[in-house]
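Undergrad: Sequence:
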Amino acid sequence: MLNWAILFLIVALVAAVLGFGGIAGTAIGIAKIIFVVAIILFLISAVMHLMRRA
Numbered sequence: 001m002l003n004w005a006i007l008f009l010i011v012a013l014v015a016a017v018l019g020f021g022g023i024a025g026t027a028i029g030i031a032k033i034i035f036v037v038a039i040i041l042f043l044i045s046a047v048m049h050l051m052r053r054a
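1 is the number of the first residue of the sequence shown in the UniProt record's numbering; add one for each residue after it.
Since the hints were made in silico from the structure, they are not lab data.
Note that beta-carbon positions come from the ideal geometry of N, C-alpha and C, so glycine has one too.
Heads up, some of the hints might be wrong.
Said to hold, decoys possible - Across the chosen pairs, the derived CB separations fall in these ranges:
(1) G21 x A46: 31 to 39 Å
(2) R53 x V14: 41 to 49 Å
(3) G19 x M48: 43 to 51 Å
Generate the whole structure from the sequences, applying the supplied hints.
TA: If you want it as structure tokens, here you go:
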């Protein structure tokens, strides 16, 4: 999932360099959402792992 976030970040950077501000803003927004979802899923996974060990 972090791969997708990094991909959208790269797309946003390229679009910004080429002057496509709207596309860059959208890609950054998508990258942020995917990054937050990945972090939340990681935290849930870590908590579940700790609960299973105890």
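Undergrad: Under the constraints set out in the numbered hints, which ones does this structure not fulfil?
TA: Those not satisfied: there are none.
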